[in-house]
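> Listed here are the chains, written in short residue letters.
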Amino acid sequence: MAEKLEAGCARPTGGPVGEPPPDEQQSQQPAMTKEVQKMIHVGKKAPDFTAPAYYKGEFTSIKLSDYLGKWVVLCFYPGDFTFV
Amino acid sequence: MSVDSVFVHKMWNDHELAKMVKGGVPFHMLSDGGGKVGTVYGVYDEAAGVENRGRFLIDPDGVIQGYEVLTPPVGRNVGETIRQIQAFQLIRATKGAEATPSGWRPGKLTLKPGPDLVGKVWEVWKTDMA
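So the protein sequences, as listed, match chains R and D.
Heads up: the first sequence runs through residues 1 to 84, numbered per my numbering.
Heads up: the second sequence runs through residues 1001 to 1130, numbered per my numbering.
It is possible that part of the hints are untrue.
Subject to a maximum C-alpha distance of 20 angstroms in a straight line, what follows is the list of computed SDA-like cross-link-like pairs (lysine to any residue) [claimed, not checked]:
no., chain 1, residue 1, chain 2, residue 2
1, R, K45, D, K1022
2, R, K44, R, E3
3, D, K1036, R, G18
4, D, K1095, R, L68
5, R, K56, R, C75
6, R, K70, D, L1090
7, D, K1022, R, G14
8, R, K70, R, E6
9, D, K1036, R, G14
10, D, K1036, D, Q1089
11, D, K1095, D, K1108
12, D, K1112, D, A1087
13, D, K1036, R, D80
14, R, K63, D, F1027
15, D, K1019, R, K45
16, R, K44, R, F81
17, D, K1108, D, Q1089
18, D, K1126, D, L1109
19, D, K1095, D, L1070
20, R, K45, D, D1061
21, R, K56, R, G18
22, R, K45, D, K1120
23, R, K70, D, Q1086
24, D, K1120, D, A1099
25, R, K56, D, I1085
Pairwise CB distance ranges, derived in the manner of DEER restraints [claimed, not checked]:
no., chain 1, residue 1, chain 2, residue 2, range
26, R, L5, D, G1119, 29 to 39 angstroms
27, R, K63, D, E1123, 19 to 29 angstroms
28, R, V17, D, P1060, 32 to 42 angstroms
29, D, W1125, R, F83, 33 to 43 angstroms
30, D, A1048, R, R11, 47 to 57 angstroms
Hint data in this document are derived by calculation from the structure and do not stem from the laboratory.
Note that the coordinates shown come from a computational prediction; the quantities given were computed from them, not determined experimentally.
Cβ coordinates follow ideal geometry from the N, Cα and C atoms, glycine included.
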């Protein structure tokens, strides 16, 4: 489900799965923005993504679609070490 | 998930959160550098460079059943999130034969949608249950 990452200096990155390559993305910027706005609807599929993660002492990578078959609560928050 | 790196997540968990929760955070702390995922989910504030407080409930089929987005100064109510998951799990278990009215909690009255219920909700559900 979650793959362990090698420790290193490079900062791991993730992002939406199925994102077009950078060149293509640039030329299609306006169309992309419009599409992105429409991607979240209740009753519709959650957009898939991968993201680096910290979990119980390990650096790992998470892919949303690996969690099919389970309930998932996905929470966004402004920043580490903040209150509220 | 926040725009912080996994290294900052580790520091926050080990040095602060582990003092609130024994053993540290029991969930994966995800990193969204640049807010790429947050942008797709409509919660990334580009001007501030941070994510708003978005919370998405995703069912076992990968379908979004509900979401809530708050600006940063107001925190969430975790109890309400759990109540909603319990309600969605009941709906799923009954394959939609039952519905949970406003204010429903586990063990409380559910409704069975159908022609017989039309105009009769007032007989079983009162406003103080909302």
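> Regarding the pair K70 of chain R and Q1086 of chain D, is the alpha-carbon distance no greater than 20 angstroms?
holds, 13 angstroms
> Can you confirm whether the C-alpha distance between K45 of chain R and K1120 of chain D stays at or below 20 angstroms?
Between K45 of chain R and K1120 of chain D the Cα gap is close to 34 angstroms, so the pair fails against 20 angstroms, i.e. violated.
> Under the criterion that the straight-line Cα-Cα distance not exceed 20 angstroms, is the pair K56 of chain R, C75 of chain R satisfied?
holds, 18 angstroms
> Given the proposed pairing of K1036 of chain D with G14 of chain R, does the C-alpha separation stay at or below 20 angstroms?
holds, 8 angstroms
> Under the criterion that the straight-line Cα-Cα distance not exceed 20 angstroms, is the pair K1095 of chain D, L1070 of chain D satisfied?
Cα-Cα ~31 angstroms, so violated.
> Is the straight-line distance between the alpha-carbon of K1120 of chain D and that of A1099 of chain D 20 angstroms or less?
The hint holds at about 15 angstroms.
> Just to be careful, I want the Cα atoms of K70 of chain R and L1090 of chain D compared with a cutoff of 20 angstroms; is the pair within it?
Roughly 14 angstroms separates the two Cα atoms, so the pair holds.
> Look at the Cβ atoms of A1048 of chain D and R11 of chain R and judge whether their distance stays inside 47 to 57 angstroms.
Distance hint for A1048 of chain D, R11 of chain R is violated at roughly 21 angstroms.
> Mind checking the alpha carbons of K1019 of chain D and K45 of chain R for me, to see if they're no more than 20 angstroms apart?
violated, 37 angstroms
> Starting from K44 of chain R, check that the Cα of F81 of chain R is at most 20 angstroms away, please.
violated, 33 angstroms
> Between K1095 of chain D and K1108 of chain D, is the straight-line Cα distance small enough, at 20 angstroms or below?
holds, 18 angstroms
> Within a Cα-Cα threshold of 20 angstroms, do K1036 of chain D and Q1089 of chain D meet the stated pairing?
violated, 30 angstroms
Hints 1, 2, 7, 8, 10, 15, 16, 19, 21, 22, 25, 26, 27, 28 and 30, counting from the list given before, are not met by this structure.
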